[in-house]
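**Student:** Here is how the chains run, residue by residue.
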Amino acid sequence: MISYAWLIPLFPVVGVLINGFLGKRLGEKSGFIATLMAGLSLLVVLLIANEMIFGAGGKHTIHLWEWIHAGSFSVSLSFLIDPLSTIMLLVVSGVGFLVHLYSIGYMHGDPGFPRFFTYLNLFMLSMFLLVLGDNYLVMFVGWEGVGLCSYLLIGFWYEKKSASDAGKKAFIVNRIGDAGFLLGMFLIWVIADTLTYQEVSQVTSKFAVTINVLGIETTYASIIGLLLFIGAIGKSAQIPLYVWLPDAMEGPTPVSALIHAATMVTAGVYMVARTSPIYVEAALAMEVIAVVGALTAIFAASIGLVQNDIKRVLAYSTVSQLGFMFMALGVGAFTAGVFHLMTHAFFKGLLFLGSGSVIHALHHAPVEQQQDMRYMGGLKSKMPVTYWTFLIGAIAIAGVPPFAGFWSKDEILANAFFSGHTFVWAVGSIAALMTAFYMFRLIFMTFHGEMRVDPHAREHIHESPFSMTTPLILLAVLSVFGGIIPGFPPEKGWIHDFLAPSLAKVSQVTHHSSFNLISSAHAASADSGGHHGPEAIYLIVLAIVIAVGGIILAWSMYGKKSNIPDQIQQKFPGLYKILLNKYYVDELYQRYIVEPIYRLMKFLWNFDAKVVDGAVNGSTLVTVLTSRVSSFFDLRTVDGAVNGVANFVRFFSQVFKFLQSGMVQNYLLAMLLGVFLMLSAYLLQ
Amino acid sequence: MELPFFYLFSAGIVITSLFMITRSNVIHAALLLVLTFFFLAGLFVLAGAEFLAAVQVLIYSGGIMVLYLFSIMLMNVQVAVRIRQWHRQRFFAILILLVLGFEIWSVLGKGVFPKMKVWPWKLGATPGNVEALGSVLYTKFVFPFEVVSILLLASMIGAIVLAKKKIDS
Amino acid sequence: MIPLSHFLTLGAVLFLIGAAGVLMRRNVIIILLSIELMLNAVNVTLIGFSRQWADLSGQVFAIFVIAVAACEAAVGLAILISLNRDKTVMNVDEVNLLKW
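Protein chains in written order, with the working numbering: chain A, 1 to 685; chain B, 1 to 169; chain C, 1 to 100.
Here chain A stands alone, though its shape is the one from the complex (with noise of 0.2 Å):
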């Protein structure tokens, strides 16, 4: 079965081949054909993944055809399947079904429905090249594509302007982040002479050479390790290039489910992982993904907190939980890593669903309402399977044992603790208390106290439909043994067999070796099969109390009537009002980047069109004048100077000018220009 893995991806090209072409004729059928598709690629996983896991497992790599051949770079179209992609084709797929299935009946009576299944199976396609792929070219197709179908996904609703300028947002971002990525790409190319994953795999004695770069010793591994973590920064918004995030969420909400919680966010934390023989070169490359990654789990917690956006609350939840993702992969927990990952895209993909439903019973109420939490309250009753299985995607991301959440997490927090980064550690658990917080801040405020609808949406209200509570709980029943299956006993489960040949190992020797930031020197080896001792239970036992405790004190604040928020919110007005509005990052972002380009852009403009063309006149004024007087003189030699020297001026003005014209031949003079310098070069040379 594993030879027809090229199969998956081929399934969504079909649906988005019928749907794309006869989308407007198919109307809400098309729906049916894409979640057809997505079900016939989980089909696929599901046997490919028995065989996997029940079967021989090992690596299986699918040659389909040379995909480019220069001298010595070639690149095969081929896929990989182990362990690693084993797991995220799971998640991605199914995820990716239980989405389709839901926004059949979401998005029903949608203008757009065919063309967002075609987006949709467009991005199944693409998450399917990034994780399969067997090297990073092909992973980046995907990465690229997924990018695309996000940018038109949160765009959906392109004539609202927020919208689209969400959606631009996202791609820009992204953007910044795909530069490192190819760079680190470029670097490996040059290195390694190869860009499949086994190959590199094998020559990481070529990363680890150690050089000087700006006075710091540090590896090519190193390098390759931050170029490519800028890669992921962008694509699982990490700071400072979170900002996206947040914003995408204008898209509709089965899109920010699967695409902005479950998977393709989570592409980095993917990246990273298969990237791991690198990483474990990387020591300084680690320590800073494992800073970024905790403080961008507090940063986003703590603007979570006051949040009143439903959405908002959810979307800075999953940048957090992203950043609890990297600070295991920083520590060098990659499995630990990647559990989360898996164990969060059930538990936020449940959320976001949940969310979505609660947003789909509100439609009868007014547009700024329909996503605000002040205007719920009260939805229990009347939704009774979405308050449970939302209340159970609650209980799983807060963390509390059995439930899914529990398990990753204490691992993450665990491998943080012994592997001497205590600072990481602290911040984690700081922010694990905030996640418990907000999130049942979250509930008590949309589920629970007095109904705050508008009066005219009441009696719309509705338990939501049989195709939209399906997944729910089929994402609920995920939630409770996602976790505890694979994952127990702490440190030693299932999981962790499972992944082993696909992720590096940390040694303790290159992982201390050099440059350190953080971590002490008496350090414990990272992730090499569980810690014993009082210290894992009393850290057990810390966990659950954190978990239990920022429900309780979510439920003292929210659940029963206080005015305790108010009252911290009166004493602390600044506080509060730095969190409601993001820190001003966005603001922060458009004063010192966006508007000074825009400034920089309108000089260049105004220079040309004030100082060049005015020095050409003023020039030839004061010569024409000069002249004039001195024409007495020398009539001719001076006139003749004077008009040659305005000549100059106008000619070299002319060629500034030509760096913005808009004209196209100005380009191609540019172009052309270049040809001249390249030949130049390598005639002189």
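Hints listed in this document are in silico derivations from the structure and should not be mistaken for laboratory results.
Please note that the accuracy of each hint is not assured.
Ranges of calculated distance between the beta carbons of each label pair, as one might list FRET restraints [unchecked claim]:
1. 85/C x 28/B: 20 to 26 Å
2. 28/B x 141/A: 45 to 51 Å
3. 53/C x 599/A: 52 to 58 Å
4. 140/B x 595/A: 28 to 34 Å
5. 186/A x 4/B: 50 to 56 Å
6. 3/B x 606/A: 55 to 61 Å
7. 7/B x 213/A: 55 to 61 Å
8. 683/A x 58/B: 36 to 42 Å
9. 682/A x 28/B: 19 to 25 Å
To be clear about the criterion: a stretch of chain B counts as covered by chain A if any three or more of its residues have a C-beta under 8 Å from a C-beta of chain A, and this derived list gives those stretches [claimed, not checked]:
10. 97–107
11. 146–152
As the structure is a prediction and not an experimental result, all values here were calculated from the model.
Every residue gets a Cβ at the ideal spot worked out from N, C-alpha and C, and that includes glycine.
Using the hints provided, position chains B and C relative to the given structure of chain A.
**Tutor:** Chains B and C in isolation, oriented as in the chain A frame:
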């Protein structure tokens, strides 16, 4: 025996193309370009590329250039004859092109001219040009060939979408 | 026999003439024609190499170049016609919406 013809065709190509880029009447320019293409076809025959010569005449002169002429008829070209013909950047362009030409000449002189020996085209050893080209095109290059067909389709759709009149719905 | 250098020189000269046309003329149609000229200069070079190495790949490439030229002509002329419909634009430097 081939060399005089080569010089003849080359001279024709260069002269007609120089005329072409200096015309202010676009119809004259297009017809001159057709002439250039005929000379080029002759050159291709000399180089043993008979099929390409036929393609040059049939597709290029017969198809693409007729498309140009039709489009010119559809447009209001009288305006264009009266306005200023030359772009402002022409002096700089000439400068760059001259330098570039000189550089290409030196590159050719550096790398190609001294070392090149002529390996004549083995006319007897290969099958007819069309047959050989066909067998290469449909075996080794079949995938690019199909891709080109998709490119043509895409440009066709693009051209229709761009050029059709907006229908008020 | 004709040496390769002759083909390459002719190709270079033709390319430069075409480039001169694109760079210096203002009339859009002439510019498009000049682009055809540049594409044909490439064809001359390809044919020359194909002959030199007795390898048909050069001719295959030339066929692809002709196909691309056909696409370019079709789309370019379509753009021209749509521009010409709204306002009689015949000069490239009047089409500068991408400015600043």
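**Student:** Holds or violated: 45 to 51 Å for the Cβ distance of residue 28/B and residue 141/A?
**Tutor:** 48 Å, holds
**Student:** That 55 to 61 Å hint for residue 7/B and residue 213/A (C-beta), does it hold up?
**Tutor:** 58 Å, holds
**Student:** Take the C-beta atom of residue 683/A and the C-beta atom of residue 58/B, compute their distance, and say whether it sits inside 36 to 42 Å.
**Tutor:** 41 Å, holds
**Student:** Taking beta carbons only, do three or more residues of the stretch 97–107 of chain B come closer than 8 Å to chain A?
**Tutor:** Coverage by chain A holds here, the residue count being 7 at a Cβ distance below 8 Å.
**Student:** Does the hinted range 20 to 26 Å hold for residue 85/C and residue 28/B at CB?
**Tutor:** 24 Å, holds
**Student:** If I claimed the Cβ atoms of residue 3/B and residue 606/A lie 55 to 61 Å apart, would that claim hold in this structure?
**Tutor:** 59 Å, holds
**Student:** If you check the beta carbons of residue 186/A and residue 4/B, does the distance land in 50 to 56 Å?
**Tutor:** Because 51 Å falls inside the window, the suggested range holds.
**Student:** 28 to 34 Å was suggested as the range; check whether the CB atoms of residue 140/B and residue 595/A agree with it.
**Tutor:** The hinted range 28 to 34 Å is violated for residue 140/B and residue 595/A, with Cβ atoms some 54 Å apart.
**Student:** Under 8 Å between beta-carbons, do enough residues of the stretch 146–152 of chain B, three at least, approach chain A for the coverage claim to hold?
**Tutor:** Coverage by chain A is violated for the stretch 146–152 of chain B (0 residues, Cβ < 8 Å).
**Student:** Given a hinted range of 52 to 58 Å, is it respected by the beta-carbon distance of residue 53/C and residue 599/A?
**Tutor:** 55 Å, holds
**Student:** CB of residue 682/A to CB of residue 28/B, is that within 19 to 25 Å?
**Tutor:** This hint is violated: roughly 39 Å between Cβ atoms.
The structure is inconsistent with the numbered hints 4, 9, 11, although it conforms to all the rest.
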